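Colleague: Spelled out, the chains give:
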Amino acid sequence: MEQSFSEADNIELRLSKIIARASFTKVPADEIKLTNLLHDVGIDSLSFMEIVVYIEEEFGITVADEDLASERFDTVGALKSYIEEKRAETTADKQ
Amino acid sequence: MKASIIIPAYNQAERLYLTLVSLSHQTCDPSLFEVIVVDDGSEDETSSIVQSYSAQYHLKYIRQSNRGRAVSRNQGVREASGDIVIFNDCDRAVCSHFVEAHLARHGVLSDTVVVGSIFEFFFSDLSLRRKELTEDIEHGFSKFTRFAREYPYAKVVSDMYAPDGTTAWPIPWISFFSGNVSVSRKAFEETGGFDEAFTGWGFEHFELGYRLFQAGLQYVFEPSARNFHFAHRREENFYQANLRASFDHFKTKHPRHEVKQLENFIKGNLSLQEYKALVDDDSSDMDNQNLVYLPQSVTVNF
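Residue numbers (the working numbering), protein chains in the order written: chain P, -9 to 85; chain H, 13 to 314.
Keep in mind the hints are simulated off the structure, nothing from the lab. Because the structure is a prediction, the values reported are computed rather than measured. Just so you know, even glycine gets a beta-carbon here, dropped at the ideal spot from N, CA and C. A portion of the hints provided could be inaccurate.
On the chain P side, residues computed to face chain H include the following (Cβ under 8 Å) [what the hints assert, rightly or not]:
{"id": "1", "residue": "Ala12"}
{"id": "2", "residue": "Phe14"}
{"id": "3", "residue": "Leu24"}
{"id": "4", "residue": "Leu36"}
{"id": "5", "residue": "Ser37"}
{"id": "6", "residue": "Met39"}
{"id": "7", "residue": "Glu40"}
{"id": "8", "residue": "Val43"}
{"id": "9", "residue": "Glu47"}
{"id": "10", "residue": "Asp55"}
{"id": "11", "residue": "Glu56"}
{"id": "12", "residue": "Gly67"}
{"id": "13", "residue": "Asp83"}
Stretches of chain H that chain P covers, calculated by requiring three or more beta carbons in the stretch to come under 8 Å of a beta carbon on chain P [claimed, not checked]:
{"id": "14", "stretch": "233 to 243"}
{"id": "15", "stretch": "252 to 259"}
Ranges between beta-carbon positions, derived for each pair [what the hints assert, rightly or not]:
{"id": "16", "chain 1": "H", "residue 1": "Thr311", "chain 2": "P", "residue 2": "Leu27", "range": "33 to 41 Å"}
{"id": "17", "chain 1": "H", "residue 1": "Ala116", "chain 2": "P", "residue 2": "Ser71", "range": "41 to 49 Å"}
{"id": "18", "chain 1": "P", "residue 1": "Ala54", "chain 2": "H", "residue 2": "Asn300", "range": "16 to 24 Å"}
{"id": "19", "chain 1": "H", "residue 1": "Glu26", "chain 2": "P", "residue 2": "Arg62", "range": "37 to 45 Å"}
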């Protein structure tokens, strides 16, 4: 939260940094791939909620409780898609 | 009017410490409340942390052998001298308005149950954040609290309450969370307190809430009485075995359909609105209703 992320709109990079911060296996951000299962990069149910909070702040979106069913966000790629979807919605709402 | 904050504690020394710090930074004068920690046979540093903590308020520490949360809370109330008892769990830091907000909703009639709002912190490594958290709590507690999420169950049931916090719903007791609720000590004692036959984790709080409601107390929701649960790395299955036995005890003790239907609501099969309609025996309102179900992240199968 107190760290400043890059201004560039690189969702994958920013998401990897968030995951790296919460990972209990301390996996470095540059080793995280879209195809990785969250569990394989050191994210369990508690650290998952931790990254949800960081994601909301970093990307300016709201993750609804209804969207938090565990099977939906199994991979890093699934999270990235969700962020893109929500950002498009937020932008559309503003127009 | 004075408050006694009852905190049952079991093996949560680090979280309990943060809870105690948060109680030292209240808007309310410390002479208006006391804190009673009932150590339910902890095997960690709970005892030394509480006994070495320098509180701004009167802090009482009681230790017993491990007998469960219902027994712990009842014991805490026996030691209490306040007019109002506030139940706060050992793993939740409170906002600076917490005590003041609870006290303000109790009138002279001793007939109110005040339900606070519950938020959650998700720190995968709490010990890493302890120093920052302590500092934030000591300086207004506004830095970290921005990142707390409202507990989904609490969010759903808060729909029962009007903007002024009152409710005319027939099932307000489903919002009775012993992690953040207050009632007059008199009403608690007259109703018999927590049922000590509940030994595992489960429904003892709803059952007391149910009895208080049956005794005619008014439920009020006070969102500014907010606390922040430090989420745990616990397995979901941990709860299930306890829940079944606990619910069956509740159902057997009060064989009413409003109690039986709680199971369907908690499993996510019954919306809040359908639950109300079933209890009121009145579905006339249902057509234009937005049906709200507990989200999957909080439903449990038992």
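Colleague: For each hint, tell me whether it holds in the structure or not.
Modeller: Consistency of the hints with the structure:
The restraint placing Ala12 (chain P) at the interface with chain H holds, with a minimum CB-CB distance near 5 Å, inside the 8 Å limit. For the restraint placing Phe14 (chain P) at the interface with chain H, the shortest Cβ-Cβ distance is roughly 6 Å, inside the 8 Å limit, so the hint holds. The closest approach between the C-beta of Leu24 (chain P) and any C-beta of chain H is roughly 22 Å, which is over the 8 Å cut-off, so the hint fails. Because the beta carbon of Leu36 (chain P) sits about 5 Å from the nearest beta carbon in chain H, less than 8 Å, this interface hint is met.
The restraint placing Ser37 (chain P) at the interface with chain H holds, with a minimum CB-CB distance near 4 Å, inside the 8 Å limit. The closest approach between the C-beta of Met39 (chain P) and any C-beta of chain H is roughly 4 Å, which is under the 8 Å cut-off, so the hint is satisfied. With a least beta-carbon distance of about 4 Å to chain H, the hint placing Glu40 (chain P) at the interface is held under the 8 Å criterion. For Val43 (chain P), the interface hint holds, since its Cβ comes within 8 Å of a Cβ in chain H; the closest pair sits about 5 Å apart.
Annotation: interface hint on Glu47 (chain P) holds; nearest CB of chain H at approximately 7 Å, less than 8 Å. For the restraint placing Asp55 (chain P) at the interface with chain H, the shortest Cβ-Cβ distance is roughly 4 Å, inside the 8 Å limit, so the hint holds. With 8 Å as the threshold, the beta carbon of Glu56 (chain P) comes within range of chain H, its nearest partner Cβ sitting at about 5 Å, so the hint holds. Checking Gly67 (chain P) against chain H by beta carbon gives a least distance of about 21 Å; that is not within 8 Å, so the hint is violated.
With a cut of 8 Å, the hint placing Asp83 (chain P) at the interface with chain H is violated, because the nearest CB-to-CB distance is about 20 Å. Against chain P, the stretch 233 to 243 of chain H contributes 1 residues with a C-beta closer than 8 Å to a partner C-beta. That does not satisfy the three-residue criterion, and the hint is violated. Counting residues of the stretch 252 to 259 of chain H whose C-beta lies closer than 8 Å to any C-beta of chain P gives 0; at least three are required, and the coverage claim is violated. Checked against the given bound of 33 to 41 Å, the beta carbons of Thr311 (chain H) and Leu27 (chain P), roughly 24 Å apart, lie outside it.
A hinted range of 41 to 49 Å for the beta carbons of Ala116 (chain H) and Ser71 (chain P) is consistent with their spacing of about 46 Å. In this structure the hint that Ala54 (chain P) and Asn300 (chain H) lie 16 to 24 Å apart at CB holds, the actual value being about 22 Å. Our hint of 37 to 45 Å for Glu26 (chain H) and Arg62 (chain P) is violated, since their Cβ atoms are close to 32 Å apart.
Hints 3, 12, 13, 14, 15, 16, 19 from the earlier list are contradicted by this structure; the remaining hints agree with it.
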